[in-house]
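What follows is each chain in one-letter form.
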Amino acid sequence: MIVGIKDTVKLIGITIVACCAVFVCTLFLSYNADLAEIENDITAQTGQLIFQAQKATGTVTVATTGGCLGVTSLILLLFYIKNYIDIHGKQLGILKALGYPNKKIAGHFSVFGLPVFLGCLSGFLAAFLYLPTFYHIQNKENLLPEIPIGFHPLLCLLLVGAPTLLFMLLSVLYANHQLKKPVITLLKEKKETRRTLKNRNNIPFLKNLRKMTLRTKKSLPFFMAFSAFCFSAMTQMAFSMKQLASEDMAVMMIGIGLILAFTTLLLSLSTVIKGNAETLAMMRALGYPDRAGEKAVLGSYRPIAAIGFALGTGYQYCLLKLVITILYTEFDAVQNYHFSFPAFAVSLVIFLLFYEISMIIYKRKMKKLSLKTVMTE
Amino acid sequence: MISAQNIIKTYGNKTKKTQILNNISLTIADRSFTVILGASGSGKSTLLNILSGLERPDSGSIRYADTDITFLSDSQLTEFRKEKIGFVFQQYYLLPNMTAEQNIRMGADLAGNPDYRETIRAVGLENERKKYPDELSGGEQQRVSIARALAKKPDFLFLDEPTGALDEKTGRQILAYIADIHQRCGVTMILVTHNQNIAEMADTVIRMNSGRIETEQKNQTKKTAYEIAW
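Chains as they are written, first to last, in this note's numbering: chain H, 162 to 538; chain W, 3 to 232.
Derived by calculation from the structure, the hints in this document are not laboratory data. Incorrect hints may have been included.
To be verified - Computed list of lysine-lysine pairs in BS3-like fashion (alpha-carbon distance at most 27 Å, straight line):
hint: 1; chain 1: H; residue 1: Lys526; chain 2: W; residue 2: Lys16
hint: 2; chain 1: H; residue 1: Lys456; chain 2: W; residue 2: Lys155
hint: 3; chain 1: W; residue 1: Lys86; chain 2: H; residue 2: Lys524
hint: 4; chain 1: H; residue 1: Lys379; chain 2: W; residue 2: Lys19
hint: 5; chain 1: W; residue 1: Lys133; chain 2: H; residue 2: Lys167
hint: 6; chain 1: H; residue 1: Lys171; chain 2: W; residue 2: Lys16
hint: 7; chain 1: H; residue 1: Lys528; chain 2: W; residue 2: Lys133
hint: 8; chain 1: H; residue 1: Lys456; chain 2: W; residue 2: Lys132
hint: 9; chain 1: H; residue 1: Lys368; chain 2: W; residue 2: Lys16
hint: 10; chain 1: H; residue 1: Lys368; chain 2: W; residue 2: Lys84
hint: 11; chain 1: H; residue 1: Lys528; chain 2: W; residue 2: Lys132
hint: 12; chain 1: H; residue 1: Lys528; chain 2: W; residue 2: Lys16
hint: 13; chain 1: W; residue 1: Lys84; chain 2: H; residue 2: Lys524
hint: 14; chain 1: H; residue 1: Lys372; chain 2: W; residue 2: Lys18
hint: 15; chain 1: H; residue 1: Lys378; chain 2: W; residue 2: Lys132
hint: 16; chain 1: H; residue 1: Lys368; chain 2: W; residue 2: Lys19
hint: 17; chain 1: W; residue 1: Lys84; chain 2: H; residue 2: Lys456
hint: 18; chain 1: H; residue 1: Lys171; chain 2: H; residue 2: Lys301
hint: 19; chain 1: H; residue 1: Lys251; chain 2: W; residue 2: Lys133
hint: 20; chain 1: W; residue 1: Lys18; chain 2: H; residue 2: Lys171
hint: 21; chain 1: W; residue 1: Lys84; chain 2: H; residue 2: Lys435
hint: 22; chain 1: W; residue 1: Lys132; chain 2: H; residue 2: Lys368
hint: 23; chain 1: W; residue 1: Lys132; chain 2: H; residue 2: Lys524
Predicted, not measured: the structure shown is a model, and the values here were computed from it.
Whenever a hint applies, use it, and build me the whole structure from the sequences.
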């Protein structure tokens, strides 16, 4: 069969994102569940305040982390399945032509739930092992009674079983939807063509190419903007945790934030390069200098990435401001949140460095590919 | 003149290697029309890629007059292709989101050729210039591909199975264009094909088999695209 376990290897990004999401959610949900068990034992007013604050923090962290990362994983998955069907359209078309029903072919796409399962399971196990340290950090000053660590099977089901099943189901449904295309459409090589644009025959080729690059493969600019958005929001939010939470918590959040940010950005950069490989290879064969192709094709994504980064900055600021304003107004211990320029500057510098270095690495990789290799891939 | 000496090319990894070109030496005269003939897997396309500077040989040298392109850096090789080489491929490789005219400008702009509309006219695509590749027939797409190569005003034109994806009628039309361009522009042409009938149109025919040159012969009389068998 065409879809196999080896095809899921490329979904390592989803495994990492799922792992981080479940790790964070397990920590806070377990903590909140165990905290609820000792609620009646808390008598001191300070303890009550700490209890409320930690409960609120846990809920917000789970909602934002779980929500954001869940959506990220979902977008990554759907993007990968769409690309997979585009690339393997011919083979899928042949299967359909032979008489295999859509449902049977789509059923094999359930294997894409495997990376989600592996990510969720490893995240859950890692979090469970980290729980003693986490509980100690949360109650460092002993303002709360000792919190016993409990195993919550429902959490395991919700954070490992449910996402796996959901992603398996979504993979099958989405694949089934994509496979509804007529056999002949699947068999034909996918070439995206835009005809809604005004005739641009009088514009020089490179200028025209720059404009067309963004308009023809719309999923790529979206993916690039989205990854820059995630990078910006996650890194800045992680750095801001230093201001709002303990040092240990900040280190953990920054670590997770950076892993996620790098994973998403790396995935989108590789997709952008691969998506434009054909054009770049053709230009190189004709004699266009590498710089001209890169400037016209890859350079078009730079402003998009910048917009994504700016939106991510705004989003994380508004989210944190909202959370502090709504949830922590009663807690004097939590200071008012202000926009962190150092966090912004550090994130921007890391982003620029990572973006440009990744581009250079991928461009070098591209140079090694011959025109024939790119065209027949 | 193109002169290739002792070209060796191997593909594969450390455990399994396949020698594609085995000590190939040949000379191609300026303004000549050379056909490299061979069955699938004979190494003819690899030879074309290496001669044109798209790929590098493992060993051996390729000289264009005084320039040995095997010693050129990647950027120098790109510059060399820009100045001297034109390509026509079996699969056309047109940019799907650009019109025929825009695809031809891809070649013309590279050479700073403002008269690219002349080229469009020359290949008979004036009425089709605003169409996108998937709105054109196979023959028309190949003419766009030829026009794109010619708009660069190359000294050497490399054609890899240019009629391989076309029916007889269209194939003959394309070959007639190619022969006409050769006569009018005086460009050196190297055409790779498995169709031995096309060899009858060339000045020189190089037959390849299993990575080696079997024979090299000069045609005393050349046939036109409409005289050869199909």
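A quick look at each hint next to the structure:
1. Note on Lys526 of chain H and Lys16 of chain W: the hinted pairing holds, with a Cα-Cα distance of about 20 Å set against a maximum of 27 Å.
2. At most 27 Å may separate the alpha-carbon atoms for a hinted pair to count; Lys456 of chain H and Lys155 of chain W meet this at roughly 25 Å.
3. For the given pair, Lys86 of chain W sits about 25 Å from Lys524 of chain H by alpha-carbon distance, which is consistent with the 27 Å threshold.
4. A C-alpha spacing of about 41 Å is found between Lys379 of chain H and Lys19 of chain W, which places the hinted pair above 27 Å, so the restraint is violated.
5. Distance check on the hinted pair: Lys133 of chain W and Lys167 of chain H sit about 41 Å apart at the alpha-carbon level, beyond 27 Å; violated.
6. Distance restraint check for Lys171 of chain H and Lys16 of chain W: the Cα-Cα separation of roughly 25 Å lies within the 27 Å cut-off, and the hinted pair is therefore satisfied.
7. Using a Cα cut-off of 27 Å, the hinted pair Lys528 of chain H and Lys133 of chain W is violated, with the two alpha carbons roughly 31 Å apart.
8. Restraint check for Lys456 of chain H and Lys132 of chain W: the C-alpha separation of about 26 Å stays at or below 27 Å, so the hint holds.
9. Restraint check for Lys368 of chain H and Lys16 of chain W: not satisfied, since their Cα atoms lie roughly 44 Å apart, outside the 27 Å limit.
10. At most 27 Å may separate the alpha-carbon atoms for a hinted pair to count; Lys368 of chain H and Lys84 of chain W meet this at roughly 19 Å.
11. About 32 Å separates the Cα atoms of Lys528 of chain H and Lys132 of chain W, which puts this hinted pair outside 27 Å; it is violated.
12. Among the hinted pairs, Lys528 of chain H with Lys16 of chain W is consistent with the structure: their alpha-carbon atoms are about 22 Å apart, no more than 27 Å.
13. With a C-alpha separation of about 20 Å, the suggested pairing of Lys84 of chain W with Lys524 of chain H holds against the 27 Å cut-off.
14. Under the criterion of a C-alpha separation no larger than 27 Å, the hint pairing Lys372 of chain H with Lys18 of chain W is inconsistent with the structure, at around 44 Å.
15. With a CA separation close to 21 Å, the supplied pair Lys378 of chain H and Lys132 of chain W stays within the 27 Å bound.
16. In summary, the hint linking Lys368 of chain H to Lys19 of chain W is not supported, as the alpha carbons are separated by about 43 Å, beyond the 27 Å threshold.
17. Restraint check: the Cα-Cα separation between Lys84 of chain W and Lys456 of chain H comes to about 18 Å, which is no more than 27 Å; the hinted pair holds.
18. Restraint check for Lys171 of chain H and Lys301 of chain H: the C-alpha separation of about 41 Å exceeds 27 Å, so the hint is violated.
19. A threshold of 27 Å between alpha carbons decides the hint, and for Lys251 of chain H with Lys133 of chain W the separation of about 26 Å falls inside it, so the pair holds.
20. Restraint check for Lys18 of chain W and Lys171 of chain H: the C-alpha separation of about 26 Å stays at or below 27 Å, so the hint holds.
21. Under the criterion of a C-alpha separation no larger than 27 Å, the hint pairing Lys84 of chain W with Lys435 of chain H is consistent with the structure, at around 24 Å.
22. Between Lys132 of chain W and Lys368 of chain H the CA atoms are separated by roughly 18 Å; this keeps the pair inside 27 Å, and the hint holds.
23. Distance restraint check for Lys132 of chain W and Lys524 of chain H: the Cα-Cα separation of roughly 32 Å exceeds the 27 Å cut-off, and the hinted pair is therefore not satisfied.
Taken one by one, the earlier hints fail for this structure at numbers 4, 5, 7, 9, 11, 14, 16, 18, 23, listed in ascending order.
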